[in-house]
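Asker: Take these sequences, add in the hints, and give me the full structure.
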Amino acid sequence: MTALANPVAVPSREDVRAVYEDVRAFYDAYFEALDEDRLEEWADFFVEECRYRIIPRENYEAGQKACIMQGDSKGMLTDRVRAIRSTQVYAPRYCRRFYSGLRLVNKTGRQLQTRQNLLVVHTLVSQPSRILGCGAAHDRLILTDGGLLKLVERTIILDTEMIDNTIIYPF
Amino acid sequence: MSAVTRHWPDAGETRVPYWVYTDKDLYQSELERIWYGEHWLYAGLEAEIPTVGSYRTTTLGERSVIVLRNAPNEISVLENRCRHRGVTICQARSGKLDNITCPYHQWSYALDGTLQGVPFRRGIKGKGGMSPEFSPSDHSLVRLKVEVVNGVIWASFSDKTPPFREYFSERLWHSYERMFSGRKLRIEGYTRQTIPANWKLIVENFRDPYHAGLLHVFLPTFGLFRPDQGLELRMDETGRHGSIMPVPGHDPKAHSGNDFLRETAHDQSFKLADRRLVEAVHELKGEETVSTSTVFPSVIFLQQINSLQVRQIIPRGPEEFELIFTFFGFEDDDEEMRQRRIRHGNLFGPAGLVTVDDFEVLPMAQSTYRAAENEESVLMMGQGGRINSDAGSLATESPIRGFYQYYREVMEL
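Sequences listed follow chains V and G, in order.
Note that our numbering has the first sequence beginning at 1, numbered continuously upward.
Note that our numbering has the second sequence beginning at 172, numbered continuously upward.
Watch out, some of these pointers could steer you wrong.
[Unchecked claim] What follows is a set of in silico ranges between Cβ atoms, one per label pair, in the way DEER data are often shown:
| no. | chain 1 | residue 1 | chain 2 | residue 2 | range |
| --- | --- | --- | --- | --- | --- |
| 1 | G | M508 | V | R130 | 33 to 41 Å |
| 2 | V | R103 | G | H276 | 41 to 49 Å |
| 3 | G | K298 | V | D159 | 28 to 36 Å |
| 4 | G | Q510 | V | G146 | 29 to 37 Å |
Worth flagging that the hints you see were computed from the coordinates, not collected in a lab.
In this text, a Cβ means the ideal position worked out from N, Cα and C, and glycines have one as well.
Answerer: Here it is, written out as structure tokens:
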């Protein structure tokens, strides 16, 4: 985590130029899939051995590890999607994610690190849209042999102190 | 007060009128009689404030308090309100203090809450200054009664509250001691959420064995619970506290390792892609794989698989409460166990694969109550209340009835 917490290596302009548009397109596709409720595609944005976390900033800064949501493998992400689809009970809602300030933090060979700010808004039936979460994502990606970008690790550090009841869908 | 003018249904605790979840005057009366009355409230864990001067702020009832270690073996719980103008003194959630100083006029208090300094008390160049009638000793921070029991900090606004173990009762002590044996705890983190429902609904939810395998489809689907499972339901003599522990099946050995999941899975076709999500190691005293207890009125303790957690309730008006999860383990956990606890945390909290069901269904109930205050819940499953006659079954609502037997007494309803 120290590499994520204190990125010192600044990628060269060439490196940024080479991959930025691809990274941008990757995230556009990622968020579009989630916003359009194509959850079954979510895990495919990750490699098999991956880690996904939504962690309260309070815990993150204290060096504590408890998360709001955590997947330790692609399988665990598909297990969550199966639970969302077939076992969890919740009121219907829309969920929309807004990211900004996408930055390439590091590039070493095929491994990339990125950061972005994140705002998530949810809308329940007959209710005004409300902020569900506000935070930052610290990601690690890899450029696969097939030329595709995949997430190796996605850590969402959530500023939001008091969650508006529940988080159903991933960010 | 309209609370006393309300009439409880003649059918007793087999009915709960919806106005108990909406009435503003009743809610104010609950704060006075229950939250600020002769009850112990969960104030935190000793492990959260390990050294002298370290503190955390929390909310008891609706009041902000500072929980701090003022001496190596002494913990103070002080109302976080300056005695001068009522300013909230500590804004941060946690930190370290030498003394407690109000930002407004710099009134300062010792770590035990004693007022130590009032700037310009003697005036400036003989002019002004505090009235000679002012007595600093009468203006200490409001200090709550405190008891630390096996690493858990309890506080009470009343001096008359009996010792904690007596309050919680011998009948339930084993469920407490099972999680809090005195073994040193390690805090793994917190989650915080607001739930638009009355605080009593979450307490009832934890005293409702009937819903466990029905609402929570995840549990039977992935083999963590089955409806024919035996249950041990216990209450104290008053009915206000309770514990629910599923009793392991016919072959206790099946529950002592990873195999218990396969033993109880009701449908082998539902398999997790990554079983580590629920794979547990047996660790606590006894054969139970789950234990829950509710300590009236403020807290729920839960152990399920290897997740250990405190759920603290903070009432916010009749139709809203906050729920704070504190996830913990033990200081001597190895790295593998810490990872396992955190992974199992996926089932709990604001995005919990299991708990989301509860947090979503409670507002679905609350949202109908205001427009139908004189309608009532029907709680006719099983027999008895705090005098329990069907303690071994999940098809009962006796723990909820027991809760309301005590509630009606303390609220004089």
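Asker: Against each hint, give a clear statement of whether it holds in the structure.
Answerer: Against the structure, the hints come out as follows:
no., hint, verdict
1, M508(G) / R130(V): 33 to 41 Å, "holds, 37 Å"
2, R103(V) / H276(G): 41 to 49 Å, "holds, 45 Å"
3, K298(G) / D159(V): 28 to 36 Å, "violated, 48 Å"
4, Q510(G) / G146(V): 29 to 37 Å, "holds, 31 Å"
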